[in-house]
Every structure is written in C-alpha cells, then in structure tokens.
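Visitor: Here is how the chains run, residue by residue.
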Amino acid sequence: MIGFPSPRFRGEGTLHHATVARLVHALVNRLQNNRNALGLLFILPAGALLLFFLTYPLGLGVWLGFTDTKVGRGGHWVGLENYVFLFGDSVARLSLFNTLFYTVVASVIKFALGLWLALLLNKHLPFKAFIRAVVLLPFIVPTALSAIAFWWIYDAQFSVISWTLTKLGLIDRYIDFLGDPWNARFSTIAANIWRGVPFIAICLLAGLQTISPSYYEAASLDGATPWQQFRYVTLPLLTPIIAVVMTFSVLFTFTDFQLIYVLTRGGPLNATHLMATLSFQRAIPGGALGEGAALAVAMVPFLLAAILFSYFGLQRRAWQQGGKD
Amino acid sequence: MSAQASTEQVVDTQGMRYLESVPRRVVTVYAPLALFLFVLLFPFYWMGITTFKPNEELLSREGNPFWVSSPTLAHIRKLLFDTAYPDWLWNTMLVAVVSTFLSLVCSLLAAYAIERLRFRGSRYVGVSVFLAYLVPPSILFIPLAKVVFELGLFDTRFALILTYPTFLIPFCTWLLMGYFRSIPFELEECALIDGASRWQILTKIVLPLAVPGLISAGIFAFTLSWNEFIYALTFISSSEVKTVPVGVVTELVEGDVYHWGSLMAGALLGSLPVAILYSFFVEYYVSGLTGAVKE
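Those protein sequences? They're chains V and L, same order as listed.
For the first sequence, my numbering gives the first residue as 1, with consecutive numbering after it.
For the second sequence, my numbering gives the first residue as 326, with consecutive numbering after it.
This is chain V alone, in the form it adopts within the complex:
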C-alpha cells in the first residue's frame, strides 16, 4: 500500500515543528521501531520485579544456608556446618523420609485416580459441563481453609468418618486420625489427594479431548478390546501431557506446606513434618534463618530432578510431532 516506512512519513508531517521536538519525535520513533530497545523497555517492569523478589532471594537463600544467621542478627559464614548438622539431625532425616513418602504415595494415587476421573469425564454424560466445573472446586478453594474442614472431619472425638464406621459396625472405637504417626501420615496424604486429583483430572481431560476419535474407531474395527484401546491408543498419545502434569503435581506435593501446617503442624512426634514445614518451624518461630534456608535449599536437587523429567517429556512430545522446536 504505502510505499515508504512509517517513521519517515510521520517525520515529514512534523517538519515545521521546533528542532527539539523533532529530535524527540525521531528518538521516540526510532525507539518504537527498535525491537531490542522496545523489548527491553517492555520487559523491564516484570524483569525488575522478578529479579529483585525472585532471583535475588533465591541467591540470598543459598547464601543464608551457609551462614548462622538468626532473626534480628546478621550471620557469619559457617561453610557446610548447617548441612552437616541437618544430616546428623534425626528430625531432619525423618522429614526427608516423610517428604519422599508423602510425595511418592500421594503422587501415584493422585495419578491413578486423576486418570480414571479424566477417562470418566471424557465419556458422554448428562450435565457434563456442570460436573466438570464442580470437580475442580477442591483445587480452587484455599487449601488452608479446606484443610480446616479436613481437620474437623479427622477430629478424634467427633469425626464423621468414625461416626459412620461405628454405626455401620465396622469399628468399635473412634479412630485417632491425627494422633497416631502412621494414621496422621495417611490422613494428610488423603487430604492432599483430595485436593490434587481435580487438577490432574482436568488437565488430562484436556489432553484426552485432543485425541481424535477416529483412532478408536480404527482400533475397534481391528478388534481391539477397551483395555487394548486404552493401552495402545490413549496412553501413548497422552504420555507427553502426563509427563508435564505429573511433574507439576510432584513439584506441588514435594513442596507442600499449608496442608501439613494446618492439619498437624508436623506432629505427632514429627511424623508428618515435611521439609517445607520443618524449615518454616526452624526459621520463623525458631529464629534459625540459616538452618531453615539450608533445609529449603536441600529440596532443590529433588525439584531439579522433577524439572528435568518434565524437560525430557516435552522433548519427546516435539519429537512425536515431527518438529524440532
């Protein structure tokens, strides 16, 4: 249409303006058309916030882990002392075990139930949109608040689960859900599963909906049973999104804090302390910022492992689609 670039065109329109104004105008125009300068300008607000409140604290946290900083008192470099201490600390070791146990058990069950729920929701159902909306409720409600509901459901004296089981004649004594170490572990895991299943189900459902039904028609014409259709059509096509969703799920579960803090505060006998809750307890009420930071940093290798897992999942997806990017 118009043959010449816009800046010159606009520049000519302002010829009779004062020289300074023209210079400013030209500068603005150049800036507007210089991708690097403009890109930098646009990225600045987000970049500054993230650098100052994310990158810097991340580095500060690593540094704090090597110091004996306490609340209200600057620390000195103590090298690996915090890590050596934590390694010898039975509570810290227990928290590592708890975190791994919590993450593995909860993630496996969440995946199985989430996939099942996604497959159910992918069927033709009445009120499908409504059901799908309702299913996600546990995920959107504040975890701290739903955890309080679980706290009440798990109450040692007035638990509704115990009440029901007693009336059914299955137990004769109320269950001490949060008072016994293993009961408490499984109760917190159950609450975590309750919150996590909707997320996994809805994400996997989105993945399922992208699988063309013609694959299933072809498979069933070839005599594939429903199980074979699931095993050889659904699962391979869903693998990339499973990898990503499960990485996020593992990440959330591994660094979980609210649920444990509200339900048990790490008790009984530290049986449910996760690394996140222990690092909070040591750093904030306990005041040992350095030690808490070291505990938090100790979580990073596991998170990196999860992220690498996701990365290779994504790679595989690109490869499956025949693209390079």
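The set of hints was computed from the structure by calculation and includes no laboratory data.
Any given hint could turn out to be false.
Result set (SDA-like, lysine to any residue): computed pairs, CA atoms no more than 25 Å apart in a straight line [unchecked claim]: (1) L:471 - L:419; (2) V:128 - V:213; (3) V:123 - V:104; (4) V:128 - L:352; (5) V:167 - L:361; (6) V:123 - V:180; (7) L:529 - V:35; (8) V:128 - V:112; (9) V:167 - L:419; (10) V:70 - L:471; (11) V:128 - V:111; (12) L:529 - V:45; (13) V:128 - V:35; (14) V:123 - L:380; (15) V:123 - L:606; (16) L:471 - V:21; (17) L:471 - V:285; (18) V:70 - V:85; (19) V:167 - L:606; (20) V:70 - L:481.
Since the structure is predicted, the reported quantities are computational estimates derived from the model, not experimental observations.
Given the coordinates of chain V, work out where chain L should sit on it, guided by the hints.
Guide: Chain L alone, transformed into the frame defined by chain V:
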C-alpha cells in the same frame, strides 16, 4: 480448542456409544463418577452444615450428624462481629486485586515483548520465565522474609502485594505468551504498514484480541493470590493486616477448645468469593489451567 473438542465429542458419541448397554454404563461410568463427586464435594457440604449447627449438636455423638435439626446463625454472627474476620476479608480482597492487576500489566508487556517483538535473547527470557514459574514459594519464603524486613515492609499489605507477583508474573506471562502465539501476525503487519506505532498496535489491536487470555490469567492469578498462605503467614503478624486463610488458621483457634462452628463458617465464607468468581468464569479458568500446563 474447546469448540473443536466438543464437536469431536458429538461425533464420537453418535459413532460408538450404542455398543455399550445401560447397566454396563451404570457400573463403569455413573457409579464411580458418583463416588468421585461425593468424596470431592463432601468436605464442602460438611463445612456448610457445620456452619449452621448449634454447639450442642456439634459436640454430641447422638443424632444424625449429616443434618442439622435447629440451624443457627450464631457462628457467622460471632465471626463477623467478635473477630477481625471482616478486616481479613478486606485485606485478602485488596491484596489479591492489586497484585493481580500489577502482575497482569507486567505480564502483558513482557509476554508481548518476548513473543512478538522477538528482541535479541527473547527466547532465553521466555525459558527463564518458565523456570521462574517452577520456583516454589516454600524455598523462597525465608530469604524473602529477610528482603521484606530490610525494606521495612514487614507486617504491611505491601509485603504481600509486592511478593505475590513472584509467582503470578511467571504464570501470567507464560499463559499470555501462549495466547499471543494464537493471534495472527498478519494483523500486526497490516497495522505496521498503515503507520501504527508499536504502542498503538499493542493497545488497539493486540490488547482487544487478547482479552480472553487476560481474563484467564486474571481469574487464575486472583485465585492464586486469594489462596496464598505461606508468605502471608511469614510476613504478617498483626491481626488487622492478616489475610483470610492465615487469620482463620492462626486466630480462630483459641487454646484447646476448638470453635468448630465459627472455624467452618470462616472457611466457608473465605471460600465463597473464589468459588463464585470461578463459577462465572469456569471456561476461562480451565483454559488457563490447561493452557499453562500444555505449552
């Protein structure tokens, strides 16, 4: 994507479903689904029913606990008039709205720059945004507490307004980057040829087209900040600046006597705003959730 998927669904159901008998569907689909829904929704029902139960009924093993025989508003009244709950609601709302707005503005500019201006190094910036998205608050809160303290923001709403964007901006930017990719580049080229500046393109062409993406990101960011717990717990100590989740957990539990009625009322009232917002924007929320994961 959803429109396409739903048409596929229709084709699918008309194609193969006749092969499944009704009793079989009841056993394999409806019964498990009903069980799932029961378990997923029961805690909310329990929250609701406890809110309206008088204490005598709450602390009794007799009678049917699943129903309430003489409902009462005493717990809600106690919550609204005898505690700082209205303050917490207001704080949560204020912090969530301001930090969401701040994050949306930053993310919109950043996502546009990364995805469309394609300045030198934009790819690396995009990757680092994704990595920032993966940094969990549980490993950041200790050093952030130190930063907040040194800035003199400890125990203020600003501490939360400025720190929530650390998880909101990466998420929103990532989501909007995916959204911008779906807007045809030709529209911008046309505008460039017609003499529009980059700023005009952003405000007059890209922004109106990106509204659904902005709504998705905004709804999601709002719920994330409404639900945030660990920062609010760490950076806030005075009752009048607490947020709802932290206030309910730390202040409504007095000693060994648990006031289950007001605790549940607090949980219910604190969940309602996000639940209502969510109910209006389910599709946007779901596309935000799945969009962020699928990219």
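Visitor: A separate judgement is required for each hint: does it hold in the structure or not?
Guide: Status of each hint after checking the structure:
1. Restraint check for residue 471 (chain L) and residue 419 (chain L): the C-alpha separation of about 24 Å stays at or below 25 Å, so the hint holds.
2. Distance restraint check for residue 128 (chain V) and residue 213 (chain V): the Cα-Cα separation of roughly 18 Å lies within the 25 Å cut-off, and the hinted pair is therefore satisfied.
3. Distance hint between residue 123 (chain V) and residue 104 (chain V) is unfulfilled; the C-alpha atoms sit about 29 Å from each other, more than 25 Å.
4. Restraint check for residue 128 (chain V) and residue 352 (chain L): satisfied, since their Cα atoms lie roughly 18 Å apart, inside the 25 Å limit.
5. With a C-alpha separation of about 23 Å, the suggested pair residue 167 (chain V) and residue 361 (chain L) falls inside the 25 Å cut-off, and the hint holds.
6. For the suggested pair residue 123 (chain V) and residue 180 (chain V), the alpha carbons sit about 41 Å apart, so the restraint of at most 25 Å is broken.
7. Of the pairs offered as hints, the one joining residue 529 (chain L) and residue 35 (chain V) holds, with about 19 Å between alpha carbons and a cut-off of 25 Å not exceeded.
8. Simply put, residue 128 (chain V) and residue 112 (chain V) have alpha-carbon atoms about 21 Å apart, close enough for the 25 Å limit, and the pair holds.
9. Among the hinted pairs, residue 167 (chain V) with residue 419 (chain L) is inconsistent with the structure: their alpha-carbon atoms are about 47 Å apart, more than 25 Å.
10. Proposed proximity of residue 70 (chain V) and residue 471 (chain L) is supported: the alpha carbons are some 10 Å apart, at most 25 Å.
11. At roughly 22 Å between alpha-carbon atoms, residue 128 (chain V) and residue 111 (chain V) fall within 25 Å of each other, so this suggested pair holds.
12. As the CA atoms of residue 529 (chain L) and residue 45 (chain V) are separated by approximately 21 Å, the hinted pair is consistent with the 25 Å bound.
13. With a C-alpha separation of about 46 Å, the suggested pair residue 128 (chain V) and residue 35 (chain V) falls outside the 25 Å cut-off, and the hint is violated.
14. Straight-line distance between C-alpha atoms of residue 123 (chain V) and residue 380 (chain L) comes to about 44 Å, which puts the hinted pair past the 25 Å bound.
15. Straight-line distance between C-alpha atoms of residue 123 (chain V) and residue 606 (chain L) comes to about 23 Å, which keeps the hinted pair within the 25 Å bound.
16. For the given pair, residue 471 (chain L) sits about 47 Å from residue 21 (chain V) by alpha-carbon distance, which is inconsistent with the 25 Å threshold.
17. Of the pairs offered as hints, the one joining residue 471 (chain L) and residue 285 (chain V) holds, with about 14 Å between alpha carbons and a cut-off of 25 Å not exceeded.
18. Between residue 70 (chain V) and residue 85 (chain V) the CA atoms are separated by roughly 16 Å; this keeps the pair inside 25 Å, and the hint holds.
19. Restraint check: the Cα-Cα separation between residue 167 (chain V) and residue 606 (chain L) comes to about 41 Å, which exceeds 25 Å; the hinted pair is violated.
20. Distance check on the hinted pair: residue 70 (chain V) and residue 481 (chain L) sit about 22 Å apart at the alpha-carbon level, within 25 Å; holds.
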